[in-house]
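Student: For the record, the sequence lines run as chains A, B and C.
In this text, residue positions in the first sequence follow our numbering: the first is 22, and each later residue adds one.
In this text, residue positions in the second sequence follow our numbering: the first is 22, and each later residue adds one.
In this text, residue positions in the third sequence follow our numbering: the first is 22, and each later residue adds one.
Just so you know, these hints were derived from the structure itself, not from any lab.
Built from N, CA and C at the ideal position, the CB exists for glycine as well.
Hints should not be assumed to be uniformly reliable.
To be verified - Lysine-lysine pairs mimicking PhoX-like chemistry, simulated, CA-CA at most 20 Å apart: (1) Lys65(C) with Lys43(B); (2) Lys65(B) with Lys32(B); (3) Lys65(A) with Lys65(C); (4) Lys32(A) with Lys43(A); (5) Lys23(C) with Lys23(A); (6) Lys65(A) with Lys153(C); (7) Lys65(B) with Lys56(A); (8) Lys27(C) with Lys56(B); (9) Lys23(A) with Lys43(C); (10) Lys56(B) with Lys43(C); (11) Lys43(B) with Lys153(B); (12) Lys27(A) with Lys101(C); (13) Lys32(C) with Lys43(C); (14) Lys23(C) with Lys23(B); (15) Lys153(C) with Lys43(C).
Claimed, not checked - Derived Cβ-Cβ restraints for the label pairs, each shown as a range: (16) Lys23(B) with Pro33(A): 49 to 57 Å; (17) Cys148(C) with Asn90(B): 27 to 35 Å; (18) Gly37(A) with Asp78(B): 34 to 42 Å.
Chain by chain, the residues run as shown.
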Amino acid sequence: MKFFQKEIHLKPYSRGFHLITKDVLNAIPELSQIKIGQIQVFIKHTSASLTINENADPTVRMDFESHFNKMIPENAPHYKHIFEGPDDMPAHIKASILDTSINIPISNGVINLGTWQGIYLCEHRNCGGSRKLVITAFGN
Amino acid sequence: MKFFQKEIHLKPYSRGFHLITKDVLNAIPELSQIKIGQIQVFIKHTSASLTINENADPTVRMDFESHFNKMIPENAPHYKHIFEGPDDMPAHIKASILDTSINIPISNGVINLGTWQGIYLCEHRNCGGSRKLVITAFGN
Amino acid sequence: MKFFQKEIHLKPYSRGFHLITKDVLNAIPELSQIKIGQIQVFIKHTSASLTINENADPTVRMDFESHFNKMIPENAPHYKHIFEGPDDMPAHIKASILDTSINIPISNGVINLGTWQGIYLCEHRNCGGSRKLVITAFGN
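Required output: the full structure, derived from the provided sequences and hints.
Tutor: Following this line, the structure appears as structure tokens:
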């Protein structure tokens, strides 16, 4: 049984949805030692999040940003938590609707994603800065 | 410490929400050997997803379909990713709002779901075809 | 390799979003024996859920309640599952949009949350009563 864990800082990303599959995999080369297992990627923030989605066409990521901005608008009259700026409370809600962590199976030393799947960083703030991830891989 | 992993193809399901708890459990009978552990079900697609919800009344699943179609409509004017048909971009967004994978505790050789909980396949495409799942169970 | 599992009953909470990080940690002191690992918190219900979000300002939790009530309203004309009351079908949808379980990395005997992260119980029913959680921690 093997357990590997890394904590990394991503470079700052602009508001929107970004593919970070390579950043995650580069951080944990020990994954190749695991035959059957799982990798967890966890983001230590409440105004940015993670999800798995389409890895090819950039317009998919643009449409995510447009749709989430409509579904969870800024300056909604029912928000009370407004002192950190109009992008803050929507960022918290988006983060919980998407995910704080994702889990992916490991098979024969590689992550077992579908052909069209990639890991997204979902940056919900205008100036979120560098985000911290905890990456944990385990298996036998 | 035990690790079991299976990759299965579900039969094609129509657009909507479907109970697949039995399909998952039938695929991994080795689960009965685990005293304390966890099972992960992971879907290798970006336009279908998984969730856990009510396992009894079929109208719950119908209401999920109606509500998600209203919350993430087809042909929204802000979509740029439209070349795969009007059901495609909404399918990607629905998949990320629901889940690409679910994790359930294992206790004494069985999955420890609540009385009313079942595993749903959420098929967001009109003709999604057969979907692939990776099922990983581990524990001691 | 260590596996610990506890099943607990939370006290009944009112409809809304509540911080339960301490309730979870108090239930599983064995977590301190794990150097690298993961904790899963799983809720055995389909009308209450879990998420991770901001742990400081109570207005964030109030805004979650307001926003989810707008995004998934009671008495929507498309609901068919209405015999358990107007708060029931929205509760099911909210539970799947948020999460049935959360996974948090363990590092050096403690959960590795960000500074501002806490575990929320999301009680979607008017009178949900006491909710059951299964807490599983594992690692080496």
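Student: A separate judgement is required for each hint: does it hold in the structure or not?
Tutor: Hints versus structure:
Distance hint between Lys65(C) and Lys43(B) is fulfilled; the C-alpha atoms sit about 18 Å from each other, no more than 20 Å. Proximity of Lys65(B) to Lys32(B) is assessed by CA-CA distance (about 14 Å); at most 20 Å being required, the pair is judged to hold. Between the alpha carbons of Lys65(A) and Lys65(C) the distance comes to roughly 26 Å, so the proposed pair goes past 20 Å and is violated. As the CA atoms of Lys32(A) and Lys43(A) are separated by approximately 13 Å, the hinted pair is consistent with the 20 Å bound.
Taking the CA atoms of Lys23(C) and Lys23(A), the gap is about 12 Å. The hint holds against a cut of 20 Å. Simply put, Lys65(A) and Lys153(C) have alpha-carbon atoms about 26 Å apart, too far for the 20 Å limit, and the pair is violated. This hinted pair checks out: Lys65(B) and Lys56(A) have alpha carbons roughly 19 Å apart, not beyond 20 Å. Proximity of Lys27(C) to Lys56(B) is assessed by CA-CA distance (about 13 Å); at most 20 Å being required, the pair is judged to hold.
A distance of roughly 29 Å separates the Cα atoms of Lys23(A) and Lys43(C); the hinted pair therefore is violated under the 20 Å criterion. Restraint check for Lys56(B) and Lys43(C): the C-alpha separation of about 27 Å exceeds 20 Å, so the hint is violated. A hinted pair counts as satisfied when its Cα atoms are at most 20 Å apart, and Lys43(B) with Lys153(B) qualifies at roughly 15 Å. For the given pair, Lys27(A) sits about 47 Å from Lys101(C) by alpha-carbon distance, which is inconsistent with the 20 Å threshold.
Distance hint between Lys32(C) and Lys43(C) is fulfilled; the C-alpha atoms sit about 13 Å from each other, no more than 20 Å. Restraint check for Lys23(C) and Lys23(B): the C-alpha separation of about 12 Å stays at or below 20 Å, so the hint holds. In summary, the hint linking Lys153(C) to Lys43(C) is supported, as the alpha carbons are separated by about 15 Å, within the 20 Å threshold. Between Lys23(B) and Pro33(A) the C-beta distance comes to about 42 Å, which lies outside the given range of 49 to 57 Å.
A C-beta distance of roughly 30 Å is found between Cys148(C) and Asn90(B), which places it inside the suggested range of 27 to 35 Å. Between Gly37(A) and Asp78(B) the beta carbons are some 39 Å apart, a value that agrees with the proposed interval 34 to 42 Å.
In summary, the numbered hints that this structure violates are 3, 6, 9, 10, 12, 16.
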